[in-house]
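A.B. asks: Sequence:
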Amino acid sequence: ETPATDDKSVCVSSSKAATHFSPCFSHMEMFLVALSFAYFAKALSGSYMKSTITQLERRFDIPSYLIGVIDGSFEIGNLLVIAFVSYFGAKLHRPKIIAIGCLLMSLGTFLIALPHFIIGRYKFETSIRSSVNSSSNLSPCPVGSGVLATAPSTTAGPSSGCEHESRLSMWIYVFLGNILRGIGETPVQPLGISYIDDHALEENAAFYIGCVQTISVIGPVFGYLLGSICAKIYVDIGFVNMESISITPGDARWVGAWWLGYLIAGLITLLSAVPFWFLPKSLPLPERRLAKYSPERTSFIKDSPLLEHKYQADEPANFLEMAKDFLPTLRSLLGNPVYFLYLCITIIQFNSLIGMVTYKPKYIEQHYGQSASKANFLMGVINIPAVALGMFSGGVIMKKFKLSIMGAAKFALGTSLLGYFLSLFFFTMGCENASVAGITRSYNGLYKEDKYLLASCNTICDCPRRNWDPVCGENGLTYISPCLAGCRTSHGSGMDTVFEQCSCVAVGNHTASVGQCNNRDSCHRVFPYFLALSVITSFIISLGGTPGYMLLIRCIRPQLKSLALGFHTLTTRTLAGIPAPIYFGAIIDTTCLKWGQKKCGGRGACRIYNTTAYRYSAHLSTLHLHAYYSVGVILINNMHLLWGYGYWFRVSCMNLCMIYCYCYSENM
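According to UniProt numbering, the sequence shown holds residues 1 to 668 in order.
A few of these clues could be false.
Quick list of in silico lysine-lysine cross-link-like pairs, DSS-like style, CA-CA up to 25 angstroms [to be verified]:
{"#": "1", "residue 1": "K561", "residue 2": "K232"}
{"#": "2", "residue 1": "K410", "residue 2": "K594"}
{"#": "3", "residue 1": "K91", "residue 2": "K374"}
{"#": "4", "residue 1": "K281", "residue 2": "K123"}
{"#": "5", "residue 1": "K402", "residue 2": "K598"}
{"#": "6", "residue 1": "K123", "residue 2": "K410"}
If you anchor each label on the Cβ, the simulated ranges turn out as follows [as the list claims (entries may be wrong)]:
{"#": "7", "residue 1": "S244", "residue 2": "F567", "range": "55 to 65 angstroms"}
{"#": "8", "residue 1": "T574", "residue 2": "K399", "range": "28 to 38 angstroms"}
{"#": "9", "residue 1": "S404", "residue 2": "Q213", "range": "21 to 31 angstroms"}
{"#": "10", "residue 1": "C211", "residue 2": "F567", "range": "24 to 34 angstroms"}
{"#": "11", "residue 1": "D236", "residue 2": "H491", "range": "22 to 32 angstroms"}
{"#": "12", "residue 1": "S194", "residue 2": "P528", "range": "55 to 65 angstroms"}
{"#": "13", "residue 1": "V33", "residue 2": "F567", "range": "53 to 63 angstroms"}
{"#": "14", "residue 1": "K281", "residue 2": "V240", "range": "36 to 46 angstroms"}
{"#": "15", "residue 1": "R525", "residue 2": "L271", "range": "16 to 26 angstroms"}
{"#": "16", "residue 1": "R331", "residue 2": "V274", "range": "41 to 51 angstroms"}
{"#": "17", "residue 1": "C600", "residue 2": "V631", "range": "46 to 56 angstroms"}
Quick caveat, the hints were computed from the structure, so don't treat them as lab data.
Ideal Cβ positions, reconstructed from N, Cα and C, are used throughout, including at glycine.
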């Protein structure tokens, strides 16, 4: 009889009840489709989370570092159960465990959207208030005794509903929902990949896994595109009169329909759980693959239908032996200098990459004056495909030139250094700060930073100084509010509101319009070059991703491969995935020039940044970490020299320590 040639061939049945109506290949294909859909769903929801960070900042009035805590909570949830799921999940019904994970991801995504339905309508800071029984607006400049004009002004007392909101910060729901997403995502990759590897032919398993990974790259593209669409829609669409809204998607107070994308992502994730409930615990092995295994080799296939009965009594003993051997095995793994060094440098690299990717849409918004919708669109259409193409091209180069371990290390070094030097050009692609009276310019328009918000033209007004309701004067200068612009009257509504008799606008008709002045022409000119350089550097840096991953796999003994990959994932998520968004956000917060005001008082989200300080802080943090990564790769390339001089190095260190101790004792 002709041997089977692929996974669609006749299979060894796992039960006498199996019939020709249920060929094994249909189950494998169904599992591949289901797993690909699950990968797509989790990648879409994860990238959508990153596309909404500025929306969440503004909606909940929280700083960037707190957004970093929320973003890192996904990794926290993942780490809570990764060891338990990876070990015990492999012994249970893997498709159903994955289905439960998808349900938890869906529940977490819905939980993130929940605050929108209980927090009430979004009320942004504004000075435009219509008078009762009149179509005209109240004067933006209430003339008082002048006493409050020279003292730090305070906002009005807490608005209605403030006491209710102060009891619980609504962002806690987002935090808990993201933790639940992380818990649910845990079984998808390890159990899904192991299921394919256990039941597919060896020559087909790599192809199947590659297909699944490719689908996972498409997810972020759709996630950012979904973020772009939702960011264009006002947060309370359908419940407010849009003609009365005086802000645009480019305004620092604009909040898009962030909740809508989470409902869509949650529904997609919920649907991805359905197929796994109809899949068997294990599939019959193809005859061709089964014939390759000796009794010793097949003893490792715990889910094999022919061997399943052999492990039921031996499970406790095997577990004890595995637990006893864990620490010596881990010590042996970390004793591998190449693996340990690569582990350290990838932690550094992941800190750089995660911090950059998390806040890149925000950087495009704040530095180049783009809307959140456009920033997300560019991330999804330009940057993500460049990264995917770079990773794929790196794998092709590895295969075409048959790179060895040292070849992979040298290739990773080359791409790292080239990407590092290209990234230096980001420092030259800067924009000047927006011209805001009392913050970046004086009231007479001089190019100097002036933090004093009051001037002779507005001292007669009792202006609150913490509000952010910018208007653009005819002189091209932005004022924090119509009151601080000295405007006495206004007419119109929404975006058509015009402020008149503005004493601080000393040109033309002394008028001002709603919103910031759009006079940063240099930003618009340099922005296309920034995008081009961003795509090139993303492609080049990601070129070294696949060779670096192969270096990780090939530098260790085969029996340690699973532990090496698992420990690598654990450490990078713990030491990079969690802290990077937090401290990158804290660094960004230090460049804020004007903070918003919470409804109940206190500091809210940042309204305007020092773009020069923001640019240097963001890029210096990224390049500083990237430099350490390059040094680490150089050390890997010269590992043979380190081994050759290892004894001399240890002896030298001991001699230096002895000399230091001797000198210290003499001085005492």
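A.B. asks: Does the structure keep K410 and K594 at a Cα separation of 25 angstroms or less?
C.D. replies: Given that 25 angstroms is the threshold and the Cα spacing comes to 46 angstroms, the pair is violated.
A.B. asks: Range hint 46 to 56 angstroms: satisfied by the CB atoms of C600 and V631?
C.D. replies: holds, 48 angstroms
A.B. asks: Holds or violated: K123 and K410, Cα atoms, limit 25 angstroms.
C.D. replies: Answer violated: K123 to K410 is near 55 angstroms, above 25 angstroms.
A.B. asks: For the range 24 to 34 angstroms, tell me whether the beta carbons of C211 and F567 fit it or not.
C.D. replies: Once the Cβ atoms are compared, 27 angstroms apart, the range 24 to 34 angstroms for F567 and C211 holds.
A.B. asks: Is 41 to 51 angstroms respected by the C-beta to C-beta distance linking R331 and V274?
C.D. replies: Once the Cβ atoms are compared, 44 angstroms apart, the range 41 to 51 angstroms for V274 and R331 holds.
A.B. asks: Can you confirm whether the C-alpha distance between K91 and K374 stays at or below 25 angstroms?
C.D. replies: With Cα atoms ~46 angstroms apart, K91 and K374 exceed 25 angstroms; violated.
A.B. asks: Taking 53 to 63 angstroms as the hint, is the beta-carbon distance of V33 and F567 inside that range?
C.D. replies: violated, 31 angstroms
A.B. asks: Could one say that the CB atoms of S244 and F567 fall in the range 55 to 65 angstroms?
C.D. replies: holds, 56 angstroms
A.B. asks: Does the beta carbon distance between S404 and Q213 stay inside 21 to 31 angstroms, or does it fall outside?
C.D. replies: With Cβ atoms ~23 angstroms apart, the hint holds.
A.B. asks: Taking 28 to 38 angstroms as the hint, is the beta-carbon distance of T574 and K399 inside that range?
C.D. replies: holds, 32 angstroms
A.B. asks: In this structure, is the beta-carbon distance linking K281 and V240 contained in 36 to 46 angstroms?
C.D. replies: violated, 52 angstroms
A.B. asks: Does the Cβ distance between D236 and H491 fall inside 22 to 32 angstroms?
C.D. replies: holds, 25 angstroms
The structure fails to meet hints 1, 2, 3, 4, 5, 6, 12, 13, 14 and 15 from the earlier list, while all remaining hints are met.
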